[in-house]
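Asker: Sequence:
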Amino acid sequence: MTSKEASLVFQQQLTLHKYICNMNNLLLPTWSPQHREHRSSERSQSENRKIKQNLSKSDLEALSWSCSNLRQTLQPCIEISGDLTTSQNSAIRRLWKQEMKRYNDNEFELASRLLLRIFALDFRLQSAFHLSNVPLFELKENQLFEIHAKAVGSTLSFVMLHLHNPTAMGKSLQALGARHVIHTEIQYRSNYWKIVNQAFVEFVNADRASIDVFNAWNVLGNFCVEQMRIGYRIEYKAQKVLERLKTKDEKN
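All residue numbers for the sequence shown refer to the numbering used here, where the first residue is 1074 and numbers rise by one.
Because the hints were derived from the structure by calculation, they are not lab data. Every value quoted in this text rests on a predicted model; they were computed, and no experiment measured them. Among the hints, erroneous ones may be present.
[Said to hold, decoys possible] Ranges of calculated distance between the beta carbons of each label pair, as one might list FRET restraints:
(1) Q1171 with K1313: 37 to 45 Å
(2) F1181 with D1280: 16 to 24 Å
(3) D1280 with D1156: 17 to 25 Å
(4) N1288 with K1321: 47 to 55 Å
(5) K1321 with D1195: 32 to 40 Å
(6) K1174 with S1200: 28 to 36 Å
(7) N1325 with S1205: 35 to 43 Å
(8) N1288 with K1313: 34 to 42 Å
(9) R1167 with N1206: 38 to 46 Å
(10) E1316 with Q1171: 43 to 51 Å
Idealized CB from N, CA, C, for every residue including glycine.
Please work from the sequences and hints to get the whole structure.
Answerer: Shown next, in the form of structure tokens:
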């Protein structure tokens, strides 16, 4: 389904939700005769505020549900398949286990190494992560860097636990890619993605290992970048559709 069709589906969902909310507004003041004897016809200010808050919460929940449907609609209808062989899976696991042991099973430390390697390869990318004024050697002490590293770390751990399941890996990596749209200034056609692929091999020293280990990590790196870019593209399109709907709604 195209983004235009997805936009139409989302608009229909939003219109239906607004209709339901309007009907709820009409039904809210309806009371039984017994209530009318004991209550005034006008609600108290506190009661009105409470109703408004409940409706706002309902609006947000419905909008969130619609956004989720929109992203699913924009997702490409392709089967995710991994290119890793059994021996490559084993090579990746062995090296990852070694690196985790070296850093006392600290996934944050390894995620930090990956990000630091990315910035070392191209220092200009720090600005895309809103870290341009932070020296490289101080990044690990920076709160924003820590947030980015934790997001990367949890995804890395998930990927390493699901090397046998490309679909599960893909969804996790797409979520990380989508995060780049919201929390960074990275562009879809940026050189960043090539840098990530290179850093992915180097941060665990796979480039210094045997050719088989290097090839295995390179294949995995390609897969990770590909899935992250898919997630980025889906979120980017979703944000554009939402912006158009918001602009149209404000004009109305």
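Asker: State the violated hints by number, sorted upward, taking the hints as numbered earlier in the document.
Answerer: Of the numbered hints given earlier, the structure breaks none, since each of them holds.
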